[in-house]
Structures are given as C-alpha cells and as structure tokens.
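Now for the letters of each chain:
There are 2 protein chains.
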Amino acid sequence: MAIDKRVVVLGTGVVGLSCGLVLSRQGYRVHFIARDLPEDSTSQGFASPWAGANWTPFYSRDEGPRQAKWEEATFARWVSLVPSGLAMWLNDTRRYADTDAGLLGHWYRDTVRNYRELPPSELPKGVAAGAAYDTLSVNAPLYCQALARELQTLGATFERRSVSSIEQVFEGQDDIALVVNATGLGAKSIAGIEDSACHPVRGQTVLVKSGCKRCTMDSSNPEAPAYIIPRPGGEVICGGTYLVDDWDLSPSASTAQRILTQCLALDPSISTDGTLDGIHILRHNVGLRPARTGGPRVEVGKLTLPLVRSTEPGTALALGTARPAPAGASSEAVGAPSEAVKREVTLVHAYGFSSAGYQQSWGVAQDVLGLVEGEIGPPRAWWTQRGKL
Amino acid sequence: MAIDKRVVVLGTGVVGLSCGLVLSRQGYRVHFIARDLPEDSTSQGFASPWAGANWTPFYSRDEGPRQAKWEEATFARWVSLVPSGLAMWLNDTRRYADTDAGLLGHWYRDTVRNYRELPPSELPKGVAAGAAYDTLSVNAPLYCQALARELQTLGATFERRSVSSIEQVFEGQDDIALVVNATGLGAKSIAGIEDSACHPVRGQTVLVKSGCKRCTMDSSNPEAPAYIIPRPGGEVICGGTYLVDDWDLSPSASTAQRILTQCLALDPSISTDGTLDGIHILRHNVGLRPARTGGPRVEVGKLTLPLVRSTEPGTALALGTARPAPAGASSEAVGAPSEAVKREVTLVHAYGFSSAGYQQSWGVAQDVLGLVEGEIGPPRAWWTQRGKL
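First to last, the sequence lines map onto chains A and B. If you read the first sequence in the UniProt record's numbering, its first letter stands for residue 1, the second for the next number, and so on. If you read the second sequence in the UniProt record's numbering, its first letter stands for residue 1, the second for the next number, and so on.
Next comes chain A alone, as it looks inside the complex:
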C-alpha cells in the first residue's frame, strides 16, 4: 500500500519540534534533520537550550498582531501542561519598564491571570511603569526533550545531519512532500534560503540554584536589562543581554557580575544570605537568539532545484557546480547537478523568533499546519485515523 510522503522538518529547536508535533498529531509522517538534536543541551550554536522560556510578550498587539496570536495559543497550551510539571506558574511576576508604552498597551491582561498595573508605591526606585501578573515558564531543555519523546511515540524520526543547502535535503529522496524550515540562525547561510535579515542577538545568563519563585523582568534601563526567571527544577535564570549581531560564545565575567548585582537588588531571595557570595551558580551561559530584521518569517516558499549559483539571494552559497552538465553527461561528483531535470520544491518557513521562540512556538506550529495542509492537502484518511491521538 502506498503511504504518504514525508514532511521533513529541518531543525529541532523548540519551533521545529512544535511544528513537527502538531503535524504528527494530525497524521503527517514527520522526519527531522538537524545538526543539533534535543539531547544536545550544551551545544552553543543551538539557541533553544539557553532560553529563559518564560511567557512575556515583547510587542504590543499593534506592533505584532501575529506574535500576539501565537503567544495566546502557546499560553493556553502551557496552562494545560502545569499538572505534568513541564510548565510552572510564575505567580505575581513583576514587569518593569522605562515608560508606560513599555507595558505594551496591556494587551495580554486577559491572557495571563491576575493582571494589575502597579501603583508608584509598588515600583522600585527609578522605574517609571510596572505591572504584576501570573504567567508561566518551562525548563527549556526539558521541554524540548518532552516534545521529542512525544514525537517518537507518534513515529517521527530524527536524523543527525548538518545541512549546508536545501538541495542536500532532497538529494536522492523522492518521498519528501515538503520541508518545514525551522533552522533559526541557519537560515542566514543555508543555500536556498540565505536570508541576510537573520542575525544573532546574544544573550548571556547565569543559571542559579535557588528557591526563588518570583519572576522579575526589568527593562527600565535599556542599557542594562535584568531578569530573574524561575523554572521547573528549582533553577532560576538570571539575565541578561540583548546584543545585536554579537556572535561571541564566551561568557564575560564582568557581564556576569553586572547581571547578578542587578538581580540581587531586584530580588535578594536568589541568594541564600542576601549577598552576591550567597548566590549558588550552576552555569554561565551564552546563547544566540535567532533574530530577523522585519520579524519572524512564517510563510510558504518555492524553490527550483538544482540551485544554480548566482548573485541572487538564496543561491550564492549553492553547492555542486554552477554549470549544469550537458544533457546525457554523467557526473559522479557529489552534489553536482548531474542532469538538467528541474524540480520545484516547497518549503514552509518558520524562523526568526529571536527571544520569543518558546512563547510563540505552539501558535506558530498551528499556522504551519495550516500552510502544510494548504500545500499538500490533509494526510491520507487511513493515516489520519491512525494518527489522531
């Protein structure tokens, strides 16, 4: 019996895994190809292990209507995960900003729980505006590993492979219906994508062992952002930095000192004795947020293979030889376009989420499902019935 073609998901960060899981649950056959797999929780080229992974919007609804929708969908999912321990409530989270606009028009006051604007008497010195609410966090690496386990249960497969060109995904494969491109920063230089709008936003954090339960997000000084994010497992992430186009993977001692000093002032309970010396540091982390000028890209894209190298975006880094061999010629060269047969392939892009990958992931995955269905139709009926879980 013929079976459905596969959907290949490129990338196993939180966005790729969420897309794959929503597709798998719908009955699609999903295969992952990625340089880093969910168990690679210390791989620094991989953004997902390093995230704070709390739910806190960065844009007003006017600035980011798509983002707001994705975030609402993810919030609902995370609420449902609280009993499992994968997500936890962050009650009475404090958010501080330098202007009232920094509170984003309070659009999510009905999404989170117990939202209230803080009166000046409840604001730290020097903070212009603030709000308190109950929101959620997940433990980034454990959350991704849980997504991967559910995917394996549903029959999804994982292949560790570093891809430099979209062409390598399709090479010798005739059962790929579509590729979901969740490559994060990889989208900057994978041939067939080469999206020059992609760039890193470097984040340095300190992972702390602490009983502290309150989340604080202080953006009141844009030069020196500070945040404290408790997560499942008795751990707290203290941050941070948002350094655009900075690829430096090594933690800076002076930055760590600055972060901890500010976080301690915000909430002395991160320390066992209220001093810097009493902060129990588990790790110093650096992660590169996969950002994109103009915002996330979630849309269908078509590509003609073989790629022919040119100065056009998306093809300059193509592999193989740029000159297709004449008809009838044979070539043993790996990756060379050995025949002139052209082929159009379909991608669904899902990358460029910067700081917001976790909190947007589930909503993005639902949009990606819609795009996939629009391109290749629903999975076969028999498979759907089997796959509806």
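Simulated from the structure, these hints should not be mistaken for laboratory data. Since the model is a prediction, treat every value here as computed from it, not as a measurement. Just so it is clear, CB atoms sit at the ideal spot from N, CA and C, and this is done for glycine as well. Please note that a few of the clues may not be correct.
As the list claims (entries may be wrong) - Here are the simulated distance ranges between beta carbons:
no.	chain 1	residue 1	chain 2	residue 2	range
1	A	P120	B	I176	43 to 49 Å
2	B	I176	A	E312	52 to 58 Å
3	A	G374	B	T153	37 to 43 Å
4	A	D174	B	D110	36 to 42 Å
As the list claims (entries may be wrong) - Residues from chain B that face chain A, not an exhaustive set, calculated with beta carbons under 8 Å:
no.	residue
5	T42
6	Q44
7	S162
8	L185
9	K188
10	L243
11	W247
12	S250
13	A253
14	T255
15	T261
16	H280
17	G320
For this one, chain A is given, so just place chain B on it according to the hints.
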C-alpha cells in the same frame, strides 16, 4: 591491586587527542572529557574539524622557537603516516609573500623537501617573494578520528560532557592525577582558567571536490589572503580569512566569492573548466581558530579547589557559592563547596595554537608528556610494560 590514577584530558581537538595518545602510548591511563567528540565533525564551536591542516609555518625561528620545534616533530610524524593514507605529500607547494621576511628566514628548508626560493620569473604578478617545497597535509576530521581509534585501542575512554569549571572535573573524583587542559577557546571562560588572552580568529573556507594536487599559500596581500590546500580524499580547501575577535559562524556569500575568485587565479585546476562555475563546491565552512595573545600556553599550572569567586583572573566565573559553608554545615546544593577542605590540583595547559594546531600537535604532545612525567612521575612499571606499544 592498586592502579595508577588517571590523567584527564579536557578537549578532543587535535591537540587534546595528540597529548592523550602520546600519554597512552607511554602507559598512562587517559580519560577524555569534552563537549565535542571526534565524530562531531560539523560542530562549529569545535575548531579542529575545519582546519586546512597542511604543514606550513607562520613564524620565523627567532619569533617562535617553541613553535619551530613542535612543527619539526609533527612533520616527522606525518611523513611516517604517508603510507597509511592519513597524510599526503603536497609536492611543489607554492608559498607567496609580500616581503622576503614573509618567507620566515627559510628556517624550515631542511625540514621540508626540495625547498627552493622562487626567482621573480616564477612569481605571479604583484608577488614580491616566494618559495617552493614539498610538504604534507592531513584530512582534519579523518585524522582526528584516526587518533581517537588508536586511543580506544589503547584503553583510553571518552566522556561527552561540557565543563564550565575545572572544579566540575574533580567533583567526586579522587583518582585524577592531573588534568591536561586542551580546551582551545574554552580556556577563555572555563572557571579556573579564564584566560582573557584567548580569542577567536575566524576562518571561512570553501571545501571543493577537485583533482588539484598543488598547494598554494598566498599571503602577498594581507587584506585578502588566499590558499588552496589539497587533502587526502580528493578534496581541496580554498581559503580564507583571518579575522581577529570575529565569532560570526555563518559563511558570507561575498567572502566565498572573493576566495574562489582569487584561488581560481592562483590555480585554475581547482575548476573542471577553468571558470568559477566549474568549481565543485562541497561545503562552505566557518571555523574559529583558538588563538591567544602572546602565543600558545604549554606549561604546568596549579589550582586550589574549591574555587572562591572573586575578581581575580581564573575565579570570577566560578560556580557554586562563593562563601564556603561554615565547618560542620551541610549543603545539598550541587557544586557548592560543602566543606572547607582545600585541595591543590595540577593542570598541564596546552592551548592557544590558532592556525597551527595540527602542525604543532605532535611536538606539543611530546612536551606535555615531559611536563606530566615531571609532575606525577612515570606510569607504574607493570602498566608501562603492558602499555608500551
């Protein structure tokens, strides 16, 4: 029967593997701990997979007497590996420089074979000085994997673990005699080392499938270095860049174009038809050379554990809590200095080799063996006899 304590080697790049192999052959029990293992040949935080790995000195004997000695030792080893196919001769290699000083006083004319200065008539236009000689290259990832196989045969063990502090290596272990620190760029931020002289020198290259057999190293334009390095396996590495303090891991299309244009002018045989379009590209690579201001560090270092965080170099990024618990107090916190017992540990440092890790690796490993023997003495006799292979 009591057995020897272990030597832990931190890092499985070419330097760590070579040190481990020389120590294993001598009879030491060797255990590797590393974030990236030799099979991780596409991990970009890992410098070794991306090297050109040809033997070509960068310093005169006066500027780098240690380097020259290490390089001579490695050359001799590589000659012995030619029959195995792990190393290959690069006959009639061409080296071009902007001044006669760029030929480094010709110190290695008796190390390589058939060394001769090139007369002006044999120099490309615009090149001031040049030499031709027979040297060697290895295929970087295959070479490292071969070292790892020999190590496994000798009983060395490999543990995949990312270490943020030297303390984590010793935690709960009482059979570690000494740690060889071959962490490359990691030495910049691992607590207990925190060597601020470490920095990346970014290299972008294009891996090409080609029958080209001649190596060309053109440093005549310091702004735009170009090199062509054939390696075992019918592959050629075209480079390159030497960008100090640049951590950007994404290949640049314009840089790739610049590299290939220059390399094609140097040697049209990298292309099937003499044009850019006829160059068969296998991959675009970026690697971060683990450089160090002041040159490589190969020496013994002592460290007192537990580390206590302070502004002193080597301890600011220490983990755990900075304040040792009072005597008699107990702590369940991971990594916390739960008792006041101090312990001095010994490191042998071997890092900071920048572009020259491969060509210096074997000589460095011999020096490291001497330092290890000086610190902990030779391996036990019974073990030595068993281990002498």
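### List of violated hint numbers, smallest to largest
Numbers 1, 3, 4, 10, 14, 15, in rising order.
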